[in-house]
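Residue numbers (my numbering), protein chains in the order written: chain A, 11 to 445; chain B, 16 to 300; chain C, 4 to 322; chain D, 773 to 1150; chain E, 773 to 1150.
Hints were generated in silico from the structure; no laboratory data involved.
Derived pair list, reagent style EDC-like, types lysine to aspartate or glutamate, alpha-carbon separation capped at 16 angstroms:
1) Lys145/A x Glu389/A
2) Lys297/A x Glu68/B
3) Lys438/A x Asp92/C
4) Lys297/A x Asp69/B
5) Lys939/E x Asp980/D
6) Lys240/A x Asp434/A
7) Lys300/A x Asp174/A
8) Lys156/A x Asp130/A
9) Lys297/A x Asp87/B
10) Lys203/A x Asp174/A
11) Lys438/A x Asp403/A
12) Lys240/A x Asp403/A
13) Lys939/E x Asp965/D
14) Lys240/A x Glu435/A
15) Lys430/A x Glu251/A
16) Lys939/D x Asp980/E
17) Lys156/A x Asp112/A
18) Lys203/A x Asp182/A
19) Lys438/A x Asp95/C
20) Lys300/A x Asp69/B
21) Lys300/A x Glu68/B
22) Lys261/A x Glu179/C
23) Lys981/D x Asp792/D
24) Lys939/D x Asp965/E
As the structure is a prediction and not an experimental result, all values here were calculated from the model.
Here is how the chains run, residue by residue.
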Amino acid sequence: GLGGETAAPSSAPATVIPELAAGQQVSIVFESYNFGQAGAWTDTFTELIGKFTAAHPNIKVTPQKPQGNSANPATDTVSSLQSQLATGNPPDVAQLGFSELDFSVNQLKAAPLDDLVGRDAVQKNFDGAKYPYAKTARALGDWNGKTYGVPFVFSTPVLYYNADLFTQAGLDPAKPPTTWAEVEQAALALKSKTGKEGVYVDCLTKSSKDWCFQSIVRSNGGRVVSEDRKTLSFAEAPSVEAVTAMQAMVKSGAMPNRTQQQGTEGFARGDIGMIVESSALQGTFGKGLKTGLRSAVLPAFTGKPVVPTNSGASLFVFAKDPAKQRAGWELIKFLTSEEAYTTISTKIGYLPLRTELVNDPAALKPWADKNPLIKPNLEQLAKMEPWVSFPGDDYVQVRDGMMSAVESVVFQGADPSTLKGKQDELAKLVPGGGR
Amino acid sequence: MTAAAVVSPVDDEAVGESGRARSIAGHVVLTLLSVACVFPIYWLYATSLRAPEDVYSLSVLPWPLSLENYADAFAKTDMVGMLVNTTVMAVLTALGQLLVALLAAYAFAAWRFRFQKLLYLMFVGTWLVPFQVTMLPNYVLLSRLDLLDTLAGVIIPTLCSAMGVLLLRQHLMGFPKELLDAARMDGRSSWGILWTVVVPTLRPVLAALGILLAITAWNEYFWPALVLRRGNDVVQLGLRSFMGTEGNDWGPLMATAGLTCLPVFLLYLVLQRHIVNAFVRSGLK
Amino acid sequence: MTTAGAFVEVELVRPRVVAAGPAARPVWWRRLLRALPPYLYLTPALVLLVVWTYRPLAQTFQLSFHSWNLLPTSPITEVGFDNYTRLLDTPDLGAALWRTLVVILGMLPFTLVIPVLVGLLSRRVRGRAGAVYRAMVFAPMLVAPVAGAAVWQWLLDPTAGVVDKVVGSPINWLHEAGPAQIAIIVITGWHIVGFAVLVVSAGLTGINPDYAAAAGVDGASRAQVTRWITLPLLSPTMAFLVLMTVLLSAQWTFPLIDTLTQGGPSGSTTNIYYLLWDYGFHSYDAGLGAAAGVLFFVGFVVLASGLVLLSDRLSHHDD
Amino acid sequence: MSRIHLQGLTRRFGGVTAVDDIWLDVADGEFLVLLGPSGCGKSTLLRMIAGLLAPTDGRVLLDEADITHLPARERDLAIVFQSYALYPHLSVARNIGFPLRARRWSRDEIQAKVAEVAAVLDLSELVARKPKELSGGQRQRVALARALVRDPGAFLMDEPLSNLDAKLRSSTRAEISGLHRRLGATVVYVTHDQVEAMTMATRIVLLDKGRLEQVGTPEEVYDRPESTFVAGFLGSPPMNLLTAEVVPDGDALRVRAADLDLPLGITADTPPRPVALGVRPEHLRLTTPDAAGIRGVVRTVENLGSEEVAHCVVGDERLCLRGARPLGLHAGDPVHLTAAPENLHLFDPGSGRRLAWQPVPSFSHHPPPLPHPAPSPI
Amino acid sequence: MSRIHLQGLTRRFGGVTAVDDIWLDVADGEFLVLLGPSGCGKSTLLRMIAGLLAPTDGRVLLDEADITHLPARERDLAIVFQSYALYPHLSVARNIGFPLRARRWSRDEIQAKVAEVAAVLDLSELVARKPKELSGGQRQRVALARALVRDPGAFLMDEPLSNLDAKLRSSTRAEISGLHRRLGATVVYVTHDQVEAMTMATRIVLLDKGRLEQVGTPEEVYDRPESTFVAGFLGSPPMNLLTAEVVPDGDALRVRAADLDLPLGITADTPPRPVALGVRPEHLRLTTPDAAGIRGVVRTVENLGSEEVAHCVVGDERLCLRGARPLGLHAGDPVHLTAAPENLHLFDPGSGRRLAWQPVPSFSHHPPPLPHPAPSPI
Ligand SMILES: Nc1ncnc2c1ncn2[C@@H]1O[C@H](COP(=O)(O)OP(=O)(O)OP(=O)(O)O)[C@@H](O)[C@H]1O
Ligand SMILES: Nc1ncnc2c1ncn2[C@@H]1O[C@H](COP(=O)(O)OP(=O)(O)OP(=O)(O)O)[C@@H](O)[C@H]1O
Ligand SMILES: [Mg+2]
Ligand SMILES: [Mg+2]
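One chain only, chain A, in its complex shape:
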């Protein structure tokens, strides 16, 4: 066997774990992909950990990044956790994307926080000292009515555009396009007038995952997977239509054929006029463009409401030892506190989940005033719907398979009807046949 012998009690403790005694020394490991990126990310989190240990001198936190070889450490989170679980030594607290919720809960066996510290304590944390979590955000880490993960960072897809290029192209920067048709028009104008590229929608490749694609499909009235998460539906009319629309933009030249990375870099460099992108990349764009970066809400399909979905990550507890579990909970509480969010938002640019913070002059109001770009994102929070994960152990294959198919339709010019074939093929990987 491969070292899978480490038996673990699968039943949750009936009673909540005890508080740490004063002076009880605990040391925990905190794994976050934020440590995988040099600069502001690592620095901010190191600072936060510093503050936490200052406040809890008896808890020692060892930060670590996910192991693995991908350029993007965020893609290694689950496999990292999995291999560490295989050794019997998982990190005590880990930051995992929403997309992994199902797997984290059902396979990786994240500890149910409601059982550990009691539902009240969890909810109390959501309510916060002063500013509660945004309503739509509270339940993102819940599974079957229990809270497993505390949503930590998150974002929605936003249309960023380059005002300088808009001006050059004779467009009005004050009136960003609001529908895809307008987007395409503006893009073609940009392209012909400035010689730059028009728009890039970073929702249509395998590497961009599916969260933003779900936004687009939902906005056209479709779903990629049925509401009960049992049937794939990304080859049905609404989503095929959406995909076809995107393909049309590529065919008309409004959207260049780019990888995710090329798209974001091109926009940051000023070579692309517009981009539909996660709000998390705002900092990067700001640094690259210096002037002219504007944001707008996600474009709509004419006559249909926009349904933004979210991306982001929650914090989970994987510790088995009660003391470590308690220490982990303390860390989570700290990292999702008003104080921490203030730091994170100012230093990194992530939107706080305690949205009211941006109205507090003592907290993030000055920052928010300086950053009008976050407005569309805040606006979208109200209408946001949770992004839906694919079911089963093979959810990654299903997701990647779907996105590959979308990518080849949009960028490689495959016929949109190929989605159907792909859907049938992937359905086999979904528990229950996916039909």
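Put chains B, C, D and E with the ligands on the given structure of chain A with help from the hints.
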């Protein structure tokens, strides 16, 4: 016995064969190819030396020169620490591999014994085992041995280098057998012969192979990425810090890449001939 | 009177000791002790080899008949050849195999044609120049794959990259099916070409210059010498390079695919190695991954032995 | 100084029997030369004596002690290789001192001993050099010194001169001979060069295809070759071997062939029998056309400087004649040759063994079945 | 068949002058042997003739045409290498046919010609084999066949026999000589073996350190060496060279040294001058103790089989004496030797050049400084 330079195999001074046209054709093709090979490396350094705002510039000369990207790289990561770590890792790995390979190659070259062929095939066979097969089981074992997140954890599983064994075996096969016999007659045990005769004689080969192994270890990426998670990074992992969802931070990324390659290039420039000879004379054909 | 007589053969005299008998055999433990040294010298390497390579291989083999998602909390169930059938049923397997073949064929210019060309040409240039060229061609070999991938990503950028500026076309190398495959091949080739040049140089150095001289005197032109003498004598080296290419191409491209295209765009750079890695190791399905690993190993062994046999048959050894 | 006994020594490599049941006594102080063509097993035999190769069968005794299974380093033997096998990374002094260092002598003792041996071999000036800075002859002397330094029971040498050029070879030959005389050491010396064997050996062992062909002093093997192999191996040009027949003629025996008729100097009677007639080129003398002897035609004459060799055709066989220059012969000349009966050698054409005349008392009624292995001639 | 002229041929490698201003005419049909010690530039010279190496200076003419700058393949020459350089991947037939294939002969023509040449060299049975399946002598013949097949203007051979064992060497020697006679081909043959040179050459060229020392027939170079180098190179053992002085004694000249006093057979008067006296070992005769001559002591006697060589000490110099076995000498014996005046050679001790006697008309007042380097003897 090993210092002979690589000689060109055809007498390049034969009458009528040193024609200008021929050698010019050769120069042209080789220059083109060399430029194609070196250009990306040049571009790496050129980019790393541009001012951060010029990083996207396409001018061939990085002007004005700026070390800001390097400063950035040093500021954002523990560059010095990583370089030290990597050096320690590469040197220890190379030395360990050299020792293990030397002993094994000596056994193969100096004795005839049962299962020799089988054991030899076992070494060759490691080339056929995909990394992904050993990755996880070894990771689990390392964790049992409590070697995760240590340099030892990076080094120990790689200590048996099949390439080292094969190259050294080739060299030792070419080692004059009479020299070993003479030392036996002169009263040495096999252990004594190894250290008083074989090693001193093979010193240039061992040095060259050691450098080759050190370079390989230096460039190793997958395994350290798996074992090291907390801080004490090696330099290849440092590179990854500048890549990510947000797009790559090209300036410092190129600076780090440049720094990563620099020691290797310097080593290679200084010892080029020896490294090439270690290959050429290995009978690796 | 005549004497009778005869010529008789003169026998060889030997100092035979009648009681010689066979030499006394030394006691068993002494014989054992005498046979021991080679094994002792091999011990460190063998221990490492067994612990870090063959033990995992065996475990993987065992695991390939089980279904398990690596988690200590989940059960390990025996499934027989299920993992293998699942693997072989993988829908994209055929296409991936085909792409692997394309990669191998695409690598051959870099591992065989260019090195042989460089090897032959660098003999024409005098003195240090040849060594300088070789050194420059070898340099990419020293660049770590990740760093190399980063630079190339940069060079191949469709708007800011040098390559498109030089080529003068707006090809998005890493995001168009054909070009992406070409890009992966070229970058891998760029990495490996120096090594192959070195191997060819070694091979050429090993050819006795007398052959070329003799052929020259025999009236063969430069081209004929190359075609009739040098290349046939280089055949073992070339066989080695082909073997290396066939076995290792997929492995060489792996880090580049992983960093640059992740098998995309829409699977156009997904070769068999990457596909199985993706299925086996990204889907948290240890059994499937193990089956993929075993399949690889067996495939490599079969391929390698086949190629070795073939090259022994086809190549000419100079001894 | 030691005696070496080989008892039935045999070595097989796979199917090849490189050394085949060799029985040999090497006396104390003897200079024994193993001579034979390439691949006859000389080196293999020597390496078995040295302990570098385990025999398949048989025993090696050193001063009556069975050393067959003793490792090389515990045998009291020194070896000098054809390639000299000098340690390339050590200076001459350290090369010479190497065996002593292995025996854990003190530094001072080693230094003294090395200086002494270096002086003997005239190497004192070179002790600081590395082997690659030495000429062939000097290297050879260093190898000798390294063997000498530890006063071994016996010296084994494997073609130590074959890497030297002709001039150096002859001077070093004399040097080794002189050394042997001075030290009175037992030496087993391998060569395929007959001049070396003839000039240096106290006894020569002739090997062919792993088998012992003849053992004897240089004079014995040259003057009384016991087989056609030995006859054809020694001498330059080697002994002429002609197919002939011994026939009784009157009361004496003669050896006859086409164009050949020579008296054997034996007064006896025996039924005719085929033989291989051997006669050395230097024992052929020109004679008058009318005398019985050998009639031939000169094909070519080779000038060796001091001597000339005339290659002749006799019947359909070839024959060499050697004499001081000028022989006075030219290609195409008819020649008439003769040789003294004592210079004629007879061999059995089948087995190639030497034939000796064995008179049978005339009162015997039954001539013994001939030919017949003699019990112990010479 | 062709003549080859070398005019001031020179080749430098960096600082080393491997071949130094060689002027030489090779006549049509000649068998010219380049002889000299290792490293004297023989191969370099041959490779320049073949066109495998560009000369630093000087010209090569083939039948009066300047081919100095012609590439090897356009010269009408064939070469046989010491290593034979048989193409290991081609069968014997294809090896032999190679030069024809390069000349674009048709397949049938090649086959016919190869069969013919293979028959001449007795290779017909081997044509299907690969070179590694051949013995040394067979390989040598294949190399020869490959050179023969295209009827070249001249053959160049670089130590073609040095990889063969003694016996094979002497038979192949005869074979090549015979071939040369049959074909009447021009051959330039490199060797460092004097027996080969003496027996095969029509003329020998002696090289030392890249310079030409003497050119002449085997007899000339053996009998009248023009320098101490040549004297000391040829012969086995080579000519004895002793430091001596020519002095007038009465009306005749004598050569004298400690324990040495021999008449030169020249009736003349000249002031004493130091010379190197050369005398070949086979020209020394034993004489009576009272006669004037050479007095020495025997150090060792070497038995070569047919002859013996006595190594003697004369004064503080060494001297060899060679004669038929048995010489009747033993180590320690005092010997008294003499040699005929015509067998004495005088050399200038400084330049090493041969000294010839040049009588001066007696009416001259000043006796000429004698002896005196000969302008152009022979
Ligand atoms: N290690 C070995 N394996 C197989 N065969 C061997 C080995 N060593 C020697 N032989 C064979 O044994 C025979 C005798 O070899 P050996 O080296 O003793 O010859 P030799 O008389 O020393 O010849 P030479 O004069 O060329 O040195 C040869 O036929 C050789 O091929
Ligand atoms: N390619 C070369 N580079 C430098 N020196 C050389 C080269 N070839 C020959 N020499 C030198 O030129 C001299 C003559 O060499 P050459 O090979 O002609 O000698 P040789 O008479 O053929 O000797 P041998 O009998 O050993 O073959 C030697 O001193 C040698 O070192
Ligand atoms: Mg031998
Ligand atoms: Mg030569």
